[in-house]
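Residue numbers (this note's numbering), protein chains in the order written: chain H, 9 to 197; chain P, 19 to 494; chain W, 3 to 393.
Simulated from the structure, these hints should not be mistaken for lab results.
Using N, Cα and C, we set each Cβ at its ideal position, and we do this for glycine too.
Watch out, some of these pointers could steer you wrong.
Claimed, not checked - Label-pair ranges, simulated between beta-carbon atoms:
| no. | chain 1 | residue 1 | chain 2 | residue 2 | range |
| --- | --- | --- | --- | --- | --- |
| 1 | W | Asp265 | P | Asp454 | 56 to 62 Å |
| 2 | W | Gly212 | P | Pro353 | 49 to 55 Å |
| 3 | H | Ile165 | W | Leu342 | 53 to 59 Å |
Stated by the list, open to error - Reference listing, derived: stretches of chain H covered by chain W, where coverage requires no fewer than 3 residues with Cβ under 8 Å from a Cβ of chain W:
| no. | region |
| --- | --- |
| 4 | 96-106 |
| 5 | 110-120 |
| 6 | 133-144 |
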Amino acid sequence: MAERERRLTPPRGGVFVPRVQVLSHEDVQRALTRIGHEIVERNHGLDDVILVGLQTGGVPLAFRIASVLEEIEGSAVPVGLLDVAFYRDDIGIRPVLPEAVTEIPSDLAGQLVVLVDDVLFTGRTVRAALNALADYGRARAVQLAVMVDRGHRELPIRPDYVGKNMPTRIDEQVDVSLEGVVLGDVVAR
Amino acid sequence: MPDRCRPWIRSGVTVPEVRAAPSAKRHTVVIRGGTVVDATGERRADVVVSGDQVAAVGESASAPPGATVLDAGGCWVAPGLVDLHTHLREPGDEDAENVESGARAAACGGYTAVLAMPNTDPPIDSAAVAREVLELGVGAACRVAVAGAITVGRAGQRLAPMGELAALGVRIFTDDGTGVQDVGVMRRALEYGRGLGVTLAQHCEDAALAAGGHMHEGAWSSWLGVPGRPAEAEEVMVARDIALARMTGARIHFLHLSTARSMALVAAAKAEGLAVSAEVAPHHLSLTDAEMAGYDPLFKVNPPLRTDADVVAARSACADGTVDAVATDHAPHPPERKDTTLDDAAPGMLGLETAVAVVLGALAAPVADGGGRTGGAGPRTPPPMAARDVLALLSWRPARIAGLTPDQGGDQGGPIAPGAAANLCVIDPTHRWQVDPVRLASRSRNTPWAGRTLTGRVRHTLYRGEPVVVDAEAQR
Amino acid sequence: MSRTDARTPTARRAPGGRVRDGHAGPEDGPLVVPEPEERARAARERRHLLSVGDLGVEGIADVLRVSDSFVEVGRRAIPKVPALRGRTVVMVFAEESTRTRLSFETAAKRLSADVMSFSWATSSTKKGESLRDTVETVAAMGVDAFVVRHPSAGAPAAVARWVDASVVNAGDGWHEHPTQALLDCYTIRQALAERAGRAPEETGVECFAGLRVAVVGDVRHSRVARSGVLALSALGARVTLVAPGSLVPPSLAGWPPVSLSYDLDAVLPDVDVCYLLRLQTERGAGAFLPSVREYSAHYGLTARRARLLPEDAIVMHPGPMNRGIEIADDVADLPRSVVLRQVANGVAVRMAVLFMLLGAGAPGPDAATASTAGPDAGPVPAVDPLGGDGA
Chain H
9 MAERERRLTP
19 PRGGVFVPRV
29 QVLSHEDVQR
39 ALTRIGHEIV
49 ERNHGLDDVI
59 LVGLQTGGVP
69 LAFRIASVLE
79 EIEGSAVPVG
89 LLDVAFYRDD
99 IGIRPVLPEA
109 VTEIPSDLAG
119 QLVVLVDDVL
129 FTGRTVRAAL
139 NALADYGRAR
149 AVQLAVMVDR
159 GHRELPIRPD
169 YVGKNMPTRI
179 DEQVDVSLEG
189 VVLGDVVAR
Chain P
19 MPDRCRPWIR
29 SGVTVPEVRA
39 APSAKRHTVV
49 IRGGTVVDAT
59 GERRADVVVS
69 GDQVAAVGES
79 ASAPPGATVL
89 DAGGCWVAPG
99 LVDLHTHLRE
109 PGDEDAENVE
119 SGARAAACGG
129 YTAVLAMPNT
139 DPPIDSAAVA
149 REVLELGVGA
159 ACRVAVAGAI
169 TVGRAGQRLA
179 PMGELAALGV
189 RIFTDDGTGV
199 QDVGVMRRAL
209 EYGRGLGVTL
219 AQHCEDAALA
229 AGGHMHEGAW
239 SSWLGVPGRP
249 AEAEEVMVAR
259 DIALARMTGA
269 RIHFLHLSTA
279 RSMALVAAAK
289 AEGLAVSAEV
299 APHHLSLTDA
309 EMAGYDPLFK
319 VNPPLRTDAD
329 VVAARSACAD
339 GTVDAVATDH
349 APHPPERKDT
359 TLDDAAPGML
369 GLETAVAVVL
379 GALAAPVADG
389 GGRTGGAGPR
399 TPPPMAARDV
409 LALLSWRPAR
419 IAGLTPDQGG
429 DQGGPIAPGA
439 AANLCVIDPT
449 HRWQVDPVRL
459 ASRSRNTPWA
469 GRTLTGRVRH
479 TLYRGEPVVV
489 DAEAQR
Chain W
3 MSRTDARTPT
13 ARRAPGGRVR
23 DGHAGPEDGP
33 LVVPEPEERA
43 RAARERRHLL
53 SVGDLGVEGI
63 ADVLRVSDSF
73 VEVGRRAIPK
83 VPALRGRTVV
93 MVFAEESTRT
103 RLSFETAAKR
113 LSADVMSFSW
123 ATSSTKKGES
133 LRDTVETVAA
143 MGVDAFVVRH
153 PSAGAPAAVA
163 RWVDASVVNA
173 GDGWHEHPTQ
183 ALLDCYTIRQ
193 ALAERAGRAP
203 EETGVECFAG
213 LRVAVVGDVR
223 HSRVARSGVL
233 ALSALGARVT
243 LVAPGSLVPP
253 SLAGWPPVSL
263 SYDLDAVLPD
273 VDVCYLLRLQ
283 TERGAGAFLP
293 SVREYSAHYG
303 LTARRARLLP
313 EDAIVMHPGP
323 MNRGIEIADD
333 VADLPRSVVL
343 RQVANGVAVR
353 MAVLFMLLGA
363 GAPGPDAATA
373 STAGPDAGPV
383 PAVDPLGGDG
393 A
């Protein structure tokens, strides 16, 4: 198994080589603030709203959005952390390990979950996240907030809140953090 | 010289006559280009064999028309090898081996005589079974002598009818497979055997110390978590039987000794003048317990493979005369007894066809950098032995212990001279070959050297003047 | 797999240590262990867990880390993830063991794998079918992993030679019980984290450095002891073996460096972890002692002895406990006794092991880079764009 898997995996031990900074630190903050407002507007308030950040890229973004929401509405929105490793559809095809622990603070029945991730690409991570969330109760609705939508969807998944739409080549790599969004390539070590 | 009954037998039972090969009407075989090595020395010579005897030994023999010419260029021409310890498995376990296939394997290994061990089913503890095996040996590719059991059923309690067996020509008795645990029984057996003029041979392993073990008890067994058989299980019985030999004045032969201290005990006993002899198996001259790292039952054997230090001591003991003979302990097993978990697997490995190469590698190969030696021991190994001394361990010295030399009335191991029995082997000491278990003459495949390249091979074997192995291929 | 392949010995010497068949081994003198990176690298190539020694520090740390995630799964209302859906895991238990077997079965089922169980007494081996034939027959039905427990050391290694599936050693004779050692390490780390007021997942394996562990009891016959000592030594703990003279292994040359003591009372005041081994009466351990009573008088953790332990020390036992022999009844129920937690953690750790063997590719430092690719890493390329093995 090991040999075949390694051949199908993006290069192990690869290095991200940045090329172009697409969004600066301030651009990211402004986008997150806008997304926060959109969440409040779309859901007519924050009743039963829970943010769930996808490990690991979506987590700092989720916490940032939560503090934005607290500034806007004055109420603290719970933030959960979700690692989708066990729900991925490529288990056994490439090496998969959970990066961090999942912590969903409560039963999600009747809640409105806003999934937060850094990059929306093929849609498979979100699909895995939806499967995972189903194991925590039947949510009232699930909405998706992403910092960057880079296209190349392989599943019928669409975001509700987008920081920036960014068409990319399939072999490019997008790196998102609170410090900014950078476009680059992954090169083997 | 045809076999004779022992002069002191009164029962009138005769040893089955070994029938001469059908085509031996004074057929001539010329062994050309080799170096004759026997107890008298080493000399470049051709050997002419006529019928079942050596006719001439000298430079450049000419081949008469119709003679078979065997090329022995670069080879040693020696008396046929004699194995004191072979398991032919017949009767009772013919899936693993039978007399015919075992003898063929022996011939391929250069052996013209083997001593068949009695742990068959039924065991060779009665004249009937002994006779059966002797008769199966008639027409085999080498001489099949038979060892009888010391006790009935090899159970270690009652003495087997050693007199009856001796009347059939059995000269060596052993319960091999196990040792005689009860010291009182062993004492009686030695005394009785002394009266018959036979030799008792012991498989030295104290059952209480060795019980439950599947490999040598030491650092490796401790690392691998495998129950072990300590060296002391062998040494305790060696020491005991040396004391009994002293007490009874009987002759005793120690089978497959494997530890350094056993060698030391035997050396001391010989220095004292006791009638003690000892053999060592090829695997104990070259393999160590480190081979068990992969839990491969191919390396499981009793007594087990021991440490580097024991291998070195075994080699030294061969060089200094403490060890009298190398005996293969050829132990065939069908795949289902070896291809299983370690605790379930049967102990034992094949040995007849690889003995020459392994022994040469262990005892005679140059040791400049430790390379070329089969198996692990390093720079502490003793200096290489001369060809003649190695062949002594394989041929004429075991022949003497088995009672098969010409001056004992037999036809094995004698000097190669006109009139001698034509039981010869031609060994190429530099031939490199890869061991393929499927292509061995034995019915079984359990050789630990599978896939390895060995140096030294038997090219031809003559049994009673007949070439039973030519160019490493069995003819019969 | 041809039969001759399985038997060809591949003894080789590796630089920096004596390694044969991928197993490290002892010299006649002090133990020489191959470089840890070398073993971790070898372990990453493997599809099996046969010895905890094969994992190396990196490997053990990975297992503990992944176990954190599975502990969370175990806390859910429905403790199940689809990670190994469609895979088949077969338990081949040639030795009675309800607890370990149930633990593995639960682990596999919680990963949504299909589970088959196979126990010796009812199997066709009684009718004379060999272990090899049995295992190959079962493998032919399409099996992804075998979990093997057998009274003979090396049996899981033999199974690994015979079949293509992954093999997990669930205990082979006196040799090893790797998942027990891993769940014990997990439990220790959990206890140390709690003591320091931190979450377990924030606690790395540095917490083991210098930890003082006493392993008490029938060390000679204990695969749990061997695996545990291997793991703890690799992680930097200081281990002391405490046993009656006849229950010490015949040679410690094959063990990592450990101290040895015959006096439990002297050792207890200086330990952080007191690990009690079970007296293996069913394997004849009783024959090595004058009586069980004498054993518990000198080596049992009585209430009096428990008071000798430092305040923070924990008491562990692989189970099932012989109450009144290795451990007094009331001591087993003290807060410092984490035996039940060991059992609970066992399922999560075994889930981690199965997931890492079957779902994840092998563990190691490169794993972090690999998984950040995420399922959104794009379509799985049919041909590696860099050509050849990207590792």
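Exercise for the section: Mind listing which of the numbered hints don't hold for this structure, in increasing order? Expected result: 3
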